[in-house]
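Position chain B relative to chain A; hints supplied.
Protein chains: 2
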Amino acid sequence: MAEDFTVTPYQVTGEIDYDELVERFGTKKIDNALLRRLSKYGEIHHMLRRKIVYSHRDFDWILNEYDKGNKFVLYTGRGPSGPVHIGHLMPWAFTKYLQDLFDVKLYFQMTDDEKFMFYDKLSMDDTRKWGYENALDVIAMGFKKGKTKIFLDTELIKTMYPLAIRAAKKINFSTVKAVFGFDNSYNIGSIFFTSIQSVPAFLESYFQKKKVPCLIPCGIDQDPHFRITRDIAEGLDYYKPALIHAKLMPSLMGSEKMSTSKGDMTIWTTDSPKTVKRKIGNAFTGGAVSVEEQKKHGGKPEICSVFNYNQYFFLPDDKALDDLMQKCRSGAIMCGECKAALAERVIEFLQRHQERREKAKDILEDFMLRD
Amino acid sequence: MAEDFTVTPYQVTGEIDYDELVERFGTKKIDNALLRRLSKYGEIHHMLRRKIVYSHRDFDWILNEYDKGNKFVLYTGRGPSGPVHIGHLMPWAFTKYLQDLFDVKLYFQMTDDEKFMFYDKLSMDDTRKWGYENALDVIAMGFKKGKTKIFLDTELIKTMYPLAIRAAKKINFSTVKAVFGFDNSYNIGSIFFTSIQSVPAFLESYFQKKKVPCLIPCGIDQDPHFRITRDIAEGLDYYKPALIHAKLMPSLMGSEKMSTSKGDMTIWTTDSPKTVKRKIGNAFTGGAVSVEEQKKHGGKPEICSVFNYNQYFFLPDDKALDDLMQKCRSGAIMCGECKAALAERVIEFLQRHQERREKAKDILEDFMLRD
Numbered sequence: 001m002a003e004d005f006t007v008t009p010y011q012v013t014g015e016i017d018y019d020e021l022v023e024r025f026g027t028k029k030i031d032n033a034l035l036r037r038l039s040k041y042g043e044i045h046h047m048l049r050r051k052i053v054y055s056h057r058d059f060d061w062i063l064n065e066y067d068k069g070n071k072f073v074l075y076t077g078r079g080p081s082g083p084v085h086i087g088h089l090m091p092w093a094f095t096k097y098l099q100d101l102f103d104v105k106l107y108f109q110m111t112d113d114e115k116f117m118f119y120d121k122l123s124m125d126d127t128r129k130w131g132y133e134n135a136l137d138v139i140a141m142g143f144k145k146g147k148t149k150i151f152l153d154t155e156l157i158k159t160m161y162p163l164a165i166r167a168a169k170k171i172n173f174s175t176v177k178a179v180f181g182f183d184n185s186y187n188i189g190s191i192f193f194t195s196i197q198s199v200p201a202f203l204e205s206y207f208q209k210k211k212v213p214c215l216i217p218c219g220i221d222q223d224p225h226f227r228i229t230r231d232i233a234e235g236l237d238y239y240k241p242a243l244i245h246a247k248l249m250p251s252l253m254g255s256e257k258m259s260t261s262k263g264d265m266t267i268w269t270t271d272s273p274k275t276v277k278r279k280i281g282n283a284f285t286g287g288a289v290s291v292e293e294q295k296k297h298g299g300k301p302e303i304c305s306v307f308n309y310n311q312y313f314f315l316p317d318d319k320a321l322d323d324l325m326q327k328c329r330s331g332a333i334m335c336g337e338c339k340a341a342l343a344e345r346v347i348e349f350l351q352r353h354q355e356r357r358e359k360a361k362d363i364l365e366d367f368m369l370r371d
Numbered sequence: 001m002a003e004d005f006t007v008t009p010y011q012v013t014g015e016i017d018y019d020e021l022v023e024r025f026g027t028k029k030i031d032n033a034l035l036r037r038l039s040k041y042g043e044i045h046h047m048l049r050r051k052i053v054y055s056h057r058d059f060d061w062i063l064n065e066y067d068k069g070n071k072f073v074l075y076t077g078r079g080p081s082g083p084v085h086i087g088h089l090m091p092w093a094f095t096k097y098l099q100d101l102f103d104v105k106l107y108f109q110m111t112d113d114e115k116f117m118f119y120d121k122l123s124m125d126d127t128r129k130w131g132y133e134n135a136l137d138v139i140a141m142g143f144k145k146g147k148t149k150i151f152l153d154t155e156l157i158k159t160m161y162p163l164a165i166r167a168a169k170k171i172n173f174s175t176v177k178a179v180f181g182f183d184n185s186y187n188i189g190s191i192f193f194t195s196i197q198s199v200p201a202f203l204e205s206y207f208q209k210k211k212v213p214c215l216i217p218c219g220i221d222q223d224p225h226f227r228i229t230r231d232i233a234e235g236l237d238y239y240k241p242a243l244i245h246a247k248l249m250p251s252l253m254g255s256e257k258m259s260t261s262k263g264d265m266t267i268w269t270t271d272s273p274k275t276v277k278r279k280i281g282n283a284f285t286g287g288a289v290s291v292e293e294q295k296k297h298g299g300k301p302e303i304c305s306v307f308n309y310n311q312y313f314f315l316p317d318d319k320a321l322d323d324l325m326q327k328c329r330s331g332a333i334m335c336g337e338c339k340a341a342l343a344e345r346v347i348e349f350l351q352r353h354q355e356r357r358e359k360a361k362d363i364l365e366d367f368m369l370r371d
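Note that the protein sequences, when read in sequence, are chains A and B.
Using the numbering used here, you'd call the opening residue of the first sequence number 1 and step up by one each time.
Using the numbering used here, you'd call the opening residue of the second sequence number 1 and step up by one each time.
Do not rely on the hints blindly, as some may be mistaken.
[Claimed, not checked] Here are some, though not all, of the chain A residues that point toward chain B, as calculated from beta-carbon distances under 8 Å: (1) Met117; (2) Lys158; (3) Lys170; (4) Phe173; (5) Ser174; (6) Val176; (7) Lys177; (8) Ile188; (9) Asp371.
[What the hints assert, rightly or not] So these bits of chain B aren't anywhere near chain A, every CB distance computed over 10 Å: (10) Asp31; (11) Asn32; (12) Tyr186; (13) Glu355.
I should point out that these hints are in silico values taken from the structure, not numbers from a laboratory.
Even for Gly, the Cβ is constructed at its ideal location relative to N, Cα and C.
One chain only, chain A, in its complex shape:
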């Protein structure tokens, strides 16, 4: 039996049983029939093939509407509390895949208000600064100019606030308590916030003055917000947003705690090659206690953070991943070699990303949406 675990946008503890989470949240698994249907539109993303993006709400309805010529918009976002790491990019890469596949608009929300209200140490200047810093990473992912609108909550609030209070009027504290596990000690801004997170699901409908379907690709930890959004949407005369959920990318620590500081187990998008090598060098793996032992009995890719990085992001080719898994299990590859190979991939990826991130500074304004 799985250890007890908690998943909300504000707390993730314990080892997550993703199958059980689908039951708890009442979402649907993405099954093979849905994947076959999706293959009509183009290649199936490796995160779908590998069940990293594995759950949804009404994604089939989104495709029905799309087939009828009723295009949806995408909505995802980020809480700008600091720099962006590789784990953050994972759902963004998937969002880009969806944008390309369906050629649709994306609303990208920077919840600078949320991060200010939830983090004692962050000022509004901090979260706004991070909002702009993080926007560079978003743009670096290659989202379509003209079809991608990035906004900070505090800079679109004149548009959002009337929609947010219409949402807020339909949500009481009992709901927020039950969904997020808040108690009476939470500040009233954090209690109000979920209504702000609902708004982008309705923005396109608001601008177009007609109901437009919305699909939210996100980490499954964000689902609680959008469960509320879905509950109130029809009462506001909008469609319920559909959702497509990713598992949370494990850190380089694996699920074990290590003596190394957490910061060192996180690869930031601005890290240098040397830093990447060091961090991956220190990563938790599924290797055996000694080289001899590992050559004899092999490693355990299923608990290895290096393997996870490859699986989630850096080795999209299934054949290559499968080869790696076999080699690991059979003891044909040692952790050092495997780490070095991953480091090379990450360094190459980050080099490109950092170049694009630098260029993004010149085109930032083409992406920003403000009142």
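Just chain B now, kept in the frame of chain A:
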């Protein structure tokens, strides 16, 4: 012993013991020393002389600062849930007196967001419409053009929201529960709202980029909001706003419930002379059961809503009010005559008010403040 009563911005029940309220809220009574000090600046308003405006927080500090050349700003407001009645004008008239006496700026907040969130039946269109309708009544009171800024929350939200969430971060649900008596069934917009009501106390400081004292004239039922504002102000690096409190103007029903509908016991600023006559004709008085009885034993002005109207608003001359009281007590004046005299005063007042209200339509834009 006084009957049990409750006074919050959202609930006023029972017969209010205003002396006890000062104890409960921890405010200070306006004493004769303070009135003497105030007389330095000009005439003492009849609402002060009659202890209708009777309580304060730090009003003496406001005068100290003023004497040092540190001018304050005034802040008051209105929840635009419908038309304005005479009772609403009472604190506004006092606010105008303060503006004239000290020649200071006034921020007038229309909480269209609040009224939408607290009233099931009101849409945002409704509360915005009432915001503009009510603004005409504000302007008709004769506030100074150029020194008076009226705003709807939803139209100044881009400026207000960052200040509101800074406030919200310092207020938890326990506080809101204790201060307003809310429970978990309250919607999260209504829970958040007090942070929006705090903001205008800091607006001038925000615009001027330096700490500016603020004085809030208001009905004492609004004090709970500003107790919270005062608690958080210094943490936001602003002055605590000072307050000056009015008693709540009793309706034409007196404190007794009458069979007449409540609407008929309320004189709207747009009422015709005929309607005013009818409503005052139906008012609850301190008259005796028969004319004979009243001629013999006199009436009871202390429970009479007609006398209250004169005392609060329509007979600012103390000598005239005292004469009326004597006549009533001695049985020298009957209710019919007294009602007719009040109706005449109200009709005359409203005629002027309605003319000014009409003219206000042309100058409305000179008063409105938006992002």
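task: Output the numbers, in ascending order, of every earlier hint that fails for this structure.
output: The structure conflicts with hint 12 only, although it agrees with all the remaining ones.
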